[in-house]
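J.: Below are the chains, spelled out letter by letter.
2 protein chains.
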Amino acid sequence: MLIKSLKNIDKKPVNMEGVKNAFRQVPIGKADESPNLSFRVFTLGPGGHTPYHTHESEHVNYFISGQGAIQDEKGELHSVQEGDFSLILPQEKHQYKNMSDTEDLVFICAVMKEYE
Amino acid sequence: MLIKSLKNIDKKPVNMEGVKNAFRQVPIGKADESPNLSFRVFTLGPGGHTPYHTHESEHVNYFISGQGAIQDEKGELHSVQEGDFSLILPQEKHQYKNMSDTEDLVFICAVMKEYE
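Those protein sequences? They're chains A and B, same order as listed.
In this text, residue positions in the first sequence follow numbering that gives the first Met the number 0: the first is 0, and each later residue adds one.
In this text, residue positions in the second sequence follow numbering that gives the first Met the number 0: the first is 0, and each later residue adds one.
These are calculated hints, taken from the structure and not from any lab test.
Watch out, some of these pointers could steer you wrong.
Identical copies go unnamed one by one, so any copy, or any two together, can satisfy a pair.
Said to hold, decoys possible - Derived BS3-like pairs: lysine-lysine, alpha-carbon spacing no greater than 30 Å straight-line:
no., residue 1, residue 2
1, K29, K11
2, K73, K3
3, K73, K112
4, K6, K73
5, K96, K6
6, K11, K92
7, K19, K112
8, K19, K96
9, K3, K29
10, K112, K29
11, K92, K29
12, K3, K96
13, K29, K73
14, K92, K19
15, K112, K92
16, K3, K19
17, K29, K19
18, K112, K3
19, K73, K19
20, K6, K112
21, K11, K96
If we strip away everything but chain A, and leave its shape as in the complex, we get (with noise of 0.2 Å):
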């Protein structure tokens, strides 16, 4: 059994095309021998993204705070919030937006630990 607090976990920025503003962590993944599943946390600054791309792996996702959206695969873009919970399938084009102008956006993203 293991247990971390959010707030201990290093906290890495994203270097990546396509993405601004945004930071990773990795509470729960390959590292703590996780047999199938990574939880990873992203936070998107003020104006922050993540890239508009597609993969072959699944996303399943937890917005811990904040006021966002997603951007699907035609371009349009659907809010989320605190309690929202949304899944992305593998190859389905997709961007996640913060969309305040003062607040973080903070994220849980889990996926098959092969795609960490």
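The hints should help you fit chain B onto chain A, whose structure is shown.
T.: Here is chain B on its own, set in the frame of chain A:
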């Protein structure tokens, strides 16, 4: 893409031996055709707990609100609260407990969908 708010998800009492004052929601799972992962949410009312048991699936948890504890295989209690993550390994004996007399303990319990 699918987005759901926790407050709109059916919440059902958990009827299982060793369980007290526990409710279950499944924001993302088999019914959503999730490829691999299921996110369940458990709410333990004051005095509530899950069974003290083992199983072959791992659990990855995020504690959304409340004051709780996880009892480990030695019977020791480990405090958990909002912002904490935990990993329970396969076959590791465990029990989630609400340690508050007034507030609910609400947490995500992610599993491979076969164990949903």
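J.: If a hint holds in the structure, say so; if it does not, say that too.
T.: Against the structure, the hints:
1. Proximity of K29 to K11 under the C-alpha cut-off of 30 Å is restricted to the intra-copy arrangement: shortest distance 17 Å within a copy versus 33 Å between copies.
2. Proximity of K73 and K3 under a CA criterion of 30 Å is satisfied inter-copy only: 19 Å between copies versus 38 Å inside one chain copy.
3. Taking CA atoms no more than 30 Å apart as the test, K73 paired with K112 passes in both settings, with 28 Å inside one copy and 28 Å between copies.
4. In the homo-oligomer, the alpha carbons of K6 and K73 lie at most 30 Å apart only across protomers (27 Å), although the nearest pairing inside one protomer, at 36 Å, exceeds that limit.
5. Taking the closest pair of Cα atoms, K96 and K6 come within 30 Å of each other both inside a single copy (22 Å) and across two copies (23 Å).
6. Proximity of K11 and K92 under a CA criterion of 30 Å is satisfied intra-copy only: 24 Å inside one chain copy versus 34 Å between copies.
7. Taking CA atoms no more than 30 Å apart as the test, K19 paired with K112 passes inside one copy only; the shortest distance there is 24 Å, against 33 Å between copies.
8. Only within a single protomer do K19 and K96 lie at most 30 Å apart by alpha-carbon distance; the minimum there is 9 Å, versus 40 Å between protomers.
9. When the C-alpha separation of K3 and K29 is checked against a cutoff of 30 Å, the pair qualifies both within a copy, at 15 Å, and between copies, at 28 Å.
10. Proximity of K112 to K29 under the C-alpha cut-off of 30 Å is found in both arrangements, the shortest distances being 6 Å within a copy and 19 Å between copies.
11. In this assembly of identical chains, the alpha carbons of K92 and K29 lie at most 30 Å apart whether taken from the same copy (25 Å) or from different copies (21 Å).
12. Proximity of K3 to K96 under the C-alpha cut-off of 30 Å is found in both arrangements, the shortest distances being 26 Å within a copy and 17 Å between copies.
13. Proximity of K29 to K73 under the C-alpha cut-off of 30 Å is restricted to the inter-copy arrangement: shortest distance 25 Å between copies versus 33 Å within a copy.
14. Proximity of K92 to K19 under the C-alpha cut-off of 30 Å is restricted to the intra-copy arrangement: shortest distance 18 Å within a copy versus 42 Å between copies.
15. In the homo-oligomer, the alpha carbons of K112 and K92 lie at most 30 Å apart both inside one protomer (20 Å) and across protomers (23 Å), since each shortest distance falls under that limit.
16. Proximity of K3 to K19 under the C-alpha cut-off of 30 Å is found in both arrangements, the shortest distances being 27 Å within a copy and 26 Å between copies.
17. Proximity of K29 and K19 under a CA criterion of 30 Å is satisfied intra-copy only: 26 Å inside one chain copy versus 33 Å between copies.
18. For the identical chains of this complex, K112 and K3 are neighbours both inside a copy (18 Å) and across copies (24 Å), given an alpha-carbon limit of 30 Å.
19. When the C-alpha separation of K73 and K19 is checked against a cutoff of 30 Å, the pair qualifies only within one copy, where the shortest distance is 21 Å, while the shortest distance between copies is 46 Å.
20. Taking the shortest Cα distances, K6 and K112 sit within 30 Å of each other both inside one copy (22 Å) and across copies (29 Å).
21. For a Cα distance limit of 30 Å, the shortest separation of K11 from K96 inside one copy, 18 Å, qualifies, whereas the shortest one across copies, 33 Å, does not.
Going down the numbered hints, you'll see the structure goes against none, and every one checks out.
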